[in-house]
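Visitor: Generate coordinates for the entire structure from the input sequences, incorporating the hints supplied.
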Amino acid sequence: MSETALALTLFMLALTPLAIAGLALVNTGLGRSRSAAQSLLGSMVVAATAMLSFAAVGGAWRVFGAQSSAGFFLTGFNALDERKQLGAIFVLFAAGFAALIPWGAGADRLRLRGGLVIAALMGGVVVPLMAGASWSGGWLCSLGARFGLGAGFVDGAGSGVIHALGGFTALAMIWVAGARKGKFPKPGVATAIPGHHAVYVLFGCLVALVGWLGVNGAGALLWLGVPLTGLPLVLADTVLTAAAAAMATFTVTRIRFGKPDASLCANGWLAGLVASSAAAGLMTPAQAILVGLVAGVATPLIVELLELALSIDDPSGAIPVHVIGGLIGLVAAGVFSTRTGQLVAQMVGIATISGLALPVVYLFFLAVNRILPFRVDADGERLGMDMHELGGGAYPEFVLHRDDSYR
Amino acid sequence: MRFAGVFLLLAGFGLTVAALYLLPGAGARAGFVGCGLAVELFGLGVLVRAQMELRS
Chain B
1 MSETALALTL FMLALTPLAI AGLALVNTGL GRSRSAAQSL LGSMVVAATA MLSFAAVGGA
61 WRVFGAQSSA GFFLTGFNAL DERKQLGAIF VLFAAGFAAL IPWGAGADRL RLRGGLVIAA
121 LMGGVVVPLM AGASWSGGWL CSLGARFGLG AGFVDGAGSG VIHALGGFTA LAMIWVAGAR
181 KGKFPKPGVA TAIPGHHAVY VLFGCLVALV GWLGVNGAGA LLWLGVPLTG LPLVLADTVL
241 TAAAAAMATF TVTRIRFGKP DASLCANGWL AGLVASSAAA GLMTPAQAIL VGLVAGVATP
301 LIVELLELAL SIDDPSGAIP VHVIGGLIGL VAAGVFSTRT GQLVAQMVGI ATISGLALPV
361 VYLFFLAVNR ILPFRVDADG ERLGMDMHEL GGGAYPEFVL HRDDSYR
Chain W
1001 MRFAGVFLLL AGFGLTVAAL YLLPGAGARA GFVGCGLAVE LFGLGVLVRA QMELRS
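Residue numbers (the working numbering), protein chains in the order written: chain B, 1 to 407; chain W, 1001 to 1056.
Do not rely on the hints blindly, as some may be mistaken.
Claimed, not checked - Derived contacts from chain W toward chain B, CB cut-off under 8 Å, selection only: (1) V1006; (2) G1012; (3) L1020; (4) L1022; (5) A1028; (6) A1030; (7) G1034; (8) G1036; (9) M1052.
To be verified - With beta-carbon atoms standing in for the labels, derived distance ranges: (10) L1023(W) to K186(B): 46 to 52 Å; (11) A367(B) to R1049(W): 18 to 24 Å; (12) L1023(W) to A367(B): 32 to 38 Å; (13) P232(B) to A1026(W): 34 to 40 Å.
Unchecked claim - Calculated Cβ distances over 12 Å to all of chain W for the following chain B residues: (14) S33; (15) L74; (16) L112; (17) A243; (18) I255; (19) V297; (20) L372.
Because the hints were derived from the structure by calculation, they are not lab data. For glycine and all other residues, C-beta sits at the position ideal for the given N, C-alpha and C.
Guide: Put into structure tokens, the structure is as follows:
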């Protein structure tokens, strides 16, 4: 790796925490005001736990290449070459990023300790294993060489490894923890529980864009083999996919509700970013816009489907943004590839995430929930997570509204 | 019922992996990978249905 490539990859990796910060802001804004401090503190400690868990255990899963493993507590880190070191840092951030997704979906009812257990599992086992399979010469990566399926599973910056995986984990968590009290008063009826701070949400989207430029740039350099001269296309694809997705959601909500919906537009923007992560740098700008349009149209429709038809309470939009956006990105990487069998390789990768990771994580959560309940008790939910878990609110000088759902 | 959904998800993944290792032709392989995904989708549907029934 040349010194220029090393410096640029390091710079891109240094931007990556902004994606985590943006997502944390979005998650906090989409929750209630009486859970805001717990949500943001939780984002910090959940990401920290996932990264520590990766450092403690994840490094032993051979995620830096088949020939060398850093071992427990990254003991062999210094002996790795610089590309593998950068790869390890990428997976470290990926673990923190993925763990935030179920934390956001559990807003207003998931206890801190539940979030930490999930983060430890994500950082120590689930993300490193998927990353090892997809990014470091693992079996998904080598589908092309072994079975003639294109270039093997392509997922440059984690549409599948970070987002679809995090989204499916969020789904498992939602099933285990249940919906917020008052969300579904009767079967087929969903109460709207709006987020408390649209400014956090929309500002978080803009912060996330900067972080995503770093994630996609570093991912393309490290895992897709994109040369330095290909970086402008990576950045253009990322921005265009997000922009097209946001405008598509803006238009769909404008038509459907008469006015554009801020939180859904934010979800559309994020879904576009997620969809761009698989193949940014491999798509033409026009293809990136098409991918964004599909993600942006799908997002509000999936939100409605989940709430009204399937009774899934997902306050942060983890499933439409991260699962659906991620799957759209992975499929797009196969559809727009000129290599024979690339779409089949992408399908095998999707089948691994949904068919192996989801059931294993769900069974683990069912077992852990019997010992350490994920969900706060009814009194805690009534008081709000801030008072119950932290003893103080995020906005102590504000008068909080009474919650009519507890009458 | 939810464990049936979990089983179907795992079975779909097993079908996908088996298709890769056991089938020589690209067409048959692609078809069976598609079938594996369809089984997973069915399992996901069963799991969603089971969760809705549990809630009600």
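Visitor: All the hints need checking, so say for each whether the structure fits it.
Guide: Against the structure, the hints:
The restraint placing V1006(W) at the interface with chain B holds, with a minimum CB-CB distance near 4 Å, inside the 8 Å limit. Taking 8 Å as the C-beta contact cut-off toward chain B, the hint placing G1012(W) at the interface holds, the least distance being around 5 Å. Among the interface hints, the one on L1020(W) holds; its C-beta lies about 6 Å from the nearest C-beta in chain B, closer than the 8 Å criterion. Interface restraint check: L1022(W) against chain B, minimum CB-CB distance 11 Å, threshold 8 Å, status violated.
A hinted interface residue such as A1028(W) counts as satisfied when its beta carbon comes closer than 8 Å to some beta carbon of chain B; here the least separation is about 11 Å, so the hint is violated. Contact between A1030(W) and chain B, as hinted, is supported at the beta carbon level, the nearest pair being about 5 Å apart and thus within 8 Å. Taking 8 Å as the C-beta cut-off, the interface hint given for G1034(W) holds, the closest approach to chain B being about 7 Å. Given the 8 Å rule on beta carbons, the hint for G1036(W) holds: about 5 Å separates it from the nearest Cβ of chain B.
About 6 Å separates the beta-carbon of M1052(W) from the nearest beta-carbon of chain B, less than 8 Å, and the hint is met. One distance hint, 46 to 52 Å for the beta-carbon pair L1023(W) and K186(B), holds here, with the actual separation near 48 Å. Between A367(B) and R1049(W) the beta carbon distance is about 22 Å. The supplied range of 18 to 24 Å therefore holds. Restraint check, L1023(W) to A367(B): a C-beta distance of roughly 36 Å satisfies the suggested window 32 to 38 Å.
The hint said 34 to 40 Å for the Cβ distance between P232(B) and A1026(W), and at roughly 35 Å that hint holds. A cut-off of 12 Å between C-beta atoms confirms that S33(B) is not in contact with chain W; the least separation is 27 Å. Listed as outside the interface, L74(B) is consistent with that label: its C-beta sits roughly 30 Å from the nearest C-beta of chain W, beyond the 12 Å cut-off. Non-interface status of L112(B) relative to chain W is upheld: no Cβ of that chain comes within 12 Å, the nearest being about 24 Å off.
Here A243(B) stays apart from chain W, with its beta-carbon at least about 30 Å from theirs, past the 12 Å limit. Look at I255(B): its CB is around 28 Å from the nearest CB on chain W, clear of 12 Å, so calling it non-interface holds up. The Cβ of V297(B) sits about 21 Å from the closest Cβ of chain W, beyond the 12 Å cut-off, so the non-interface label holds. The claim that L372(B) is not at the interface with chain W holds, since no C-beta of that chain comes within 12 Å of its own (minimum 20 Å).
Violation of the numbered hints given earlier is confined to hints 4, 5; the remaining hints are satisfied by the structure.
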